[in-house]
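K.L.:
These are the residues of each chain, in order.
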Amino acid sequence: MFPVLQIGSIAIQVPGLVLLAGLWVGLSLSERLAAETKRQPIAPSDLSNLVLLSLLVGVLGARFGYVLRFPSAFELNPWNLLSLNPGLLDPWMGVTAAAIAATVFSQRKGLALTLVLDILTPLLAVISVSWFLSLLASGYGYGLPTELPWAIDLFGAARHPTQIYDTLAAGLILAILWWQRGSFTLGKGRLFFTFLALTSASRIFLEAFHATGPSVLEGWRVNQILAWLVLALSLWTLRNPKESKSR
Amino acid sequence: MSRLIEKRFNLLAVGLLLIGGIWIAASRVTPGGLAQAQAAPQTGFLAPDFTLESFSGESVTLADLRGRPILINLWASWCLPCRAEMPAIQRVYDRYRNQGFQVLAINMTLQDNRNNARAFVDEFSLTFPILLDVDGKVAALYRLRALPSSYFVDANGIIQDVVIGGPMDEALLASRVEQLLEAGK
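Listed in order, the protein sequences are those of chains Y and E. Counted the way our numbering counts, the first sequence spans residues 48 to 294. Counted the way our numbering counts, the second sequence spans residues 161 to 345.
Derived from the structure by calculation, the hints contain no laboratory data. Among these hints, one or two may not hold up.
[What the hints assert, rightly or not] From the structure, some residues in chain Y lie toward chain E, with a derived Cβ separation under 8 Å:
1) P50
2) T84
3) F117
4) G188
5) A205
6) S249
7) I251
8) T259
9) E265
10) Q271
11) L278
[Claimed, not checked] Taking beta-carbon pairs under 10 Å as the criterion, some of the chain Y residues facing chain E (in silico):
12) L64
13) Y189
14) T193
15) W197
16) G266
17) R268
18) W275
We put the CB at the ideal spot given by N, CA and C, even for glycine.
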């Protein structure tokens, strides 16, 4: 666990730093994938603009969502609407807004959504790795107590090193997809939905070792159920790949 | 996809979903099974208990405040983000204290100067309890990594959020306190 890097009076949040590094590495890989495709379906500038626009709209949407949830919290100081504090963001609203922005941008540029998703897959896979690394730094997403020899001593108990399991799984998925990228025909969404299927399968398996996360009814883990649904959708789509139109 | 490959893919997909479903059922948790009984300075755990004295020598024990949402703020007079966020903490305290909200501002006296800490409290006209961690006991208990560090504790004594570093602004403080108050209803 290494949540903060203290330099003098400045406390740098390590999880945020890891996510930013992931964004940079992921975008580089996606740009490389776009450049490697024979027909150059997406110009590097279009890809950068798409990611930047999605990020910007995502952050604005996340702040808007947070204000909707806690309007009275901003009454004391309305300037806090412009605060740079990441704690004042609603992640789900942010993801939704970013997805809408990416879809609108793609349509305006005449890019097929399945093609955009394929090109963005390396970015998503790297962000997945950096997300779990950020959990390792912050200490969130810790595991259930265990007596296994590789357990780590965390928060007063020997626990499953779930953040390490998750990082390794996400890293393996990234490695497999990157090295096998040549065997995917880009533009049909197969690379993206394969990433989604592998990621959701790993979530179903690894969530069982987590001590965190919501559960419903008789102890069913919500994250596993969502992952199962995503896995089913991904497998269904991979079975029926739609031909897409590229630019 | 040729017919044979499609058939194999379908079999694999159904098998994968079936195994996934069985694994999900097998890894269900017992109700309340994920709750953390032990104390640790981390979200989801019981806030580590302590007893400290204020400037006037009055003793305050965290466990005695069970039933009220609490913000534990670790600070020092030389810490610039602490100076920046303390007025916001005071304003949020003024707004929510009638609903049971309490602030415990713990001065890291081992790394600070008692007179400077006193002057800091007077400068910002702080009205919530100021406690003195003279021997660094709370700093060790909460594994202090950076100043300021803040812990939002619900009425059951469970830490619901941790903010390391700062400054926190009013909106962040107010929204976290509202979440604690809402959860306590």
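K.L.:
None of the hints should be skipped; say for each whether it holds.
P.N.:
Structure-based check of all given hints:
no., hint, result
1, P50, "5 Å, holds"
2, T84, "22 Å, violated"
3, F117, "4 Å, holds"
4, G188, "10 Å, violated"
5, A205, "12 Å, violated"
6, S249, "11 Å, violated"
7, I251, "5 Å, holds"
8, T259, "6 Å, holds"
9, E265, "6 Å, holds"
10, Q271, "5 Å, holds"
11, L278, "6 Å, holds"
12, L64, "12 Å, violated"
13, Y189, "8 Å, holds"
14, T193, "13 Å, violated"
15, W197, "19 Å, violated"
16, G266, "4 Å, holds"
17, R268, "7 Å, holds"
18, W275, "5 Å, holds"
Figure legend: structure checked against the earlier numbered hints; hints not met, in rising order: 2, 4, 5, 6, 12, 14 and 15.
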